[in-house]
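Number of protein chains: 2
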Amino acid sequence: MPYELYYWDGLQGRGEFVRLALEEAGAEYMDVARQSDGTAAMMKLLKSKSAPYIPFAPPFLKDGDLIVSHVANILFYLGPKLDLAPEDEPLRFIANGLQLTITDFVAEVHDTHHPLSTNLYFEDQKEAAKQRSADFIEHRIPKFMGYFERVLEQNPDGKKHAVGNRLSYVDLSLFQIIEGLHYAFPRATKRFGERYPALTALHDAVENRANIKKYLASDRRLDFNESGVFRHYPELDQDA
Amino acid sequence: MPYELYYWDGLQGRGEFVRLALEEAGAEYMDVARQSDGTAAMMKLLKSKSAPYIPFAPPFLKDGDLIVSHVANILFYLGPKLDLAPEDEPLRFIANGLQLTITDFVAEVHDTHHPLSTNLYFEDQKEAAKQRSADFIEHRIPKFMGYFERVLEQNPDGKKHAVGNRLSYVDLSLFQIIEGLHYAFPRATKRFGERYPALTALHDAVENRANIKKYLASDRRLDFNESGVFRHYPELDQDA
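Top to bottom, those sequences are chains G and D. According to full-length UniProt numbering, the first sequence is numbered sequentially starting from 1. According to full-length UniProt numbering, the second sequence is numbered sequentially starting from 1.
Hints in this document: simulated from the structure, not taken from any laboratory. Among the hints, a few may not be true.
Given that identical chains are not distinguished, each listed pair holds provided it fits within a single copy or across any two copies.
DSS-like mimics (lysine-lysine), calculated; alpha carbons at most 25 Å apart, straight line [claimed, not checked]:
(1) K47 <-> K143
(2) K159 <-> K130
(3) K62 <-> K159
(4) K130 <-> K213
(5) K47 <-> K159
(6) K44 <-> K213
(7) K49 <-> K160
(8) K47 <-> K213
(9) K159 <-> K126
(10) K126 <-> K62
(11) K160 <-> K190
(12) K190 <-> K143
(13) K214 <-> K143
Quick caveat, the model's predicted, so the values are computed rather than measured.
Build out the structure end to end from the sequences listed, making use of the hints.
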């Protein structure tokens with residue numbers, strides 16, 4: 001039975017981290033909300049007053065009867081099945097720790113455009129968003145990207161991968177956040193390649209993998225847009 | 001060899017979710033930063049330019065050579081060892097999903113007092129903090145707590161526990177966020193017991209477990225304070 005991925009239609013968002021893993025592995029999956037009535041089916045499940053262990057929010061993955069929620073949890077679950085996790089058991093907890101740092105970074109990216117409330121429009125919190133974005137560009141991008149660059153540099157198996165000596169879902173997720181940063185903050189990331197050479201090499205290597213390349217060129221890969229996590233609002237971007 | 005927990009001294013913070021599990025299980029552990037030179041040892045590790053797989057931030061747990069970072073990851077790792085995880089393998093991913101929803105909630109609690117930047121003092125973002133807190137009280141507390149109440153109500157093994165039919169680390173973490181909410185927002189949580197009866201019963205049951213009771217009365221349990229995640233700033237609280 002194919003995996004069923006439940007996530008909002010019309011944007012990459014957090015679901016994209018799961019899609020990249022499924023696509024790299026060539027796994028069979030159904031992107032439920034992109035089927036007709038798919039979003040209704042998703043909402044029905046989320047609002048169920050009787051189903052056990054309902055998720056809090058998308059994305060979640062259905063594998064038979066089991067529903068796994070949260071990106072890092074889905075990838076922890078799928079990683080070994082898709083051959084995208086370290087074989088070594090302890091290293092799987094290292095991979096999960098890195099993925100959770102990516103999760104935190106993604107939440108901070110979201111908060112650059114929604115610092116006060118997800119219930120207010122961007123226009124209604126623009127001043128706070130400018131302040132938060134300036135701080136994000138000055139402090140948080142260097143802190144997180146400097147950290148991931150060190151992780152690559154200090155990987156005992158070489159700096160081509162985040163964990164161990166082969167591709168894992170963490171590498172795919174790093175590709176995605178670098179891609180997103182360039183979309184959302186083109187000015188702030190102008191010197192990204194020179195500042196973070198190992199991350200840039202990883203990004204380029206992932207982009208050129210056969211299955212990823214095919215996926216990125218397909219219509220299953222939506223463009224970044226202003227409904228997703230990474231949004232390009234020129235007034236929030238600045239040189240760095 | 002005892003587990004080594006690395007976390008800031010002087011506050012409960014995110015480390016407290018791990019402490020509660022270790023204490024409930026009666027596990028041997030060392031709270032490293034509370035030893036002399038402990039914080040220096042922690043910083044040395046975080047700043048290492050050569051160690052493999054360094055964590056991004058505390059808390060992290062050292063078990064022999066392995067360093068596990070992020071609360072949910074630490075608990076996923078420790079759960080089975082401390083007999084605080086479901087025995088059923090698929091249910092462990094359910095527990096992890098719930099714990100990650102708790103993680104998201106804790107990040108939102110933090111952002112009530114620091115909506116613009118962790119690098120600015122509370123005083124310098126108080127107006128934004130008031131807006132974010134009002135939204136948090138009106139929308140986010142009911143959304144998250146309503147969700148967890150449903151999880152208990154819809155647990156096929158009964159509403160005493162979040163997952164399965166026995167205590168897990170998720171129950172302990174739910175206790176901690178309820179405790180923290182009451183500390184930070186006494187006005188907003190005045191009717192908590194009536195609105196969320198199953199959660200309140202769970203909180204009280206955890207509080208009365210022998211090991212937890214002993215721990216809460218010990219000097220290892222620090223009081224909530226305004227350095228932690230849950231902070232009581234009266235100007236951010238309001239009736240709900």
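Verification of the supplied hints:
In this assembly of identical chains, K47 and K143 lie within 25 Å of each other by CA distance solely across copies; the values are 12 Å between and 38 Å within a copy. In this homomeric assembly, K159 and K130 never come within 25 Å of each other (Cα to Cα): the closest approach is 35 Å inside a single copy and 44 Å across copies. For the identical chains of this complex, K62 and K159 are inter-copy neighbours only, at 24 Å across copies versus 34 Å inside a copy, given an alpha-carbon limit of 25 Å. With identical chains, the CA atoms of K130 and K213 are never at most 25 Å apart, being 35 Å at best within one copy and 46 Å at best between copies.
Only between protomers do K47 and K159 lie at most 25 Å apart by alpha-carbon distance; the minimum there is 18 Å, versus 44 Å within a single protomer. Taking identical chains as interchangeable, the C-alpha atoms of K44 and K213 are never at most 25 Å apart, the minima being 35 Å within one chain and 41 Å between chains. Proximity of K49 to K160 under the C-alpha cut-off of 25 Å is restricted to the inter-copy arrangement: shortest distance 17 Å between copies versus 47 Å within a copy. For the identical chains of this complex, K47 and K213 are neighbours neither inside a copy (37 Å) nor across copies (36 Å), given an alpha-carbon limit of 25 Å.
Taking identical chains as interchangeable, the C-alpha atoms of K159 and K126 are never at most 25 Å apart, the minima being 39 Å within one chain and 43 Å between chains. Taking identical chains as interchangeable, the C-alpha atoms of K126 and K62 are never at most 25 Å apart, the minima being 37 Å within one chain and 42 Å between chains. Taking identical chains as interchangeable, the C-alpha atoms of K160 and K190 lie at most 25 Å apart only when both belong to the same chain, with a minimum of 22 Å there against 53 Å between chains. When the C-alpha separation of K190 and K143 is checked against a cutoff of 25 Å, the pair qualifies only within one copy, where the shortest distance is 17 Å, while the shortest distance between copies is 39 Å.
Proximity of K214 and K143 under a CA criterion of 25 Å is satisfied in neither setting, with 32 Å inside one chain copy and 39 Å between copies.
In summary, the numbered hints that this structure violates are 2, 4, 6, 8, 9, 10, 13.
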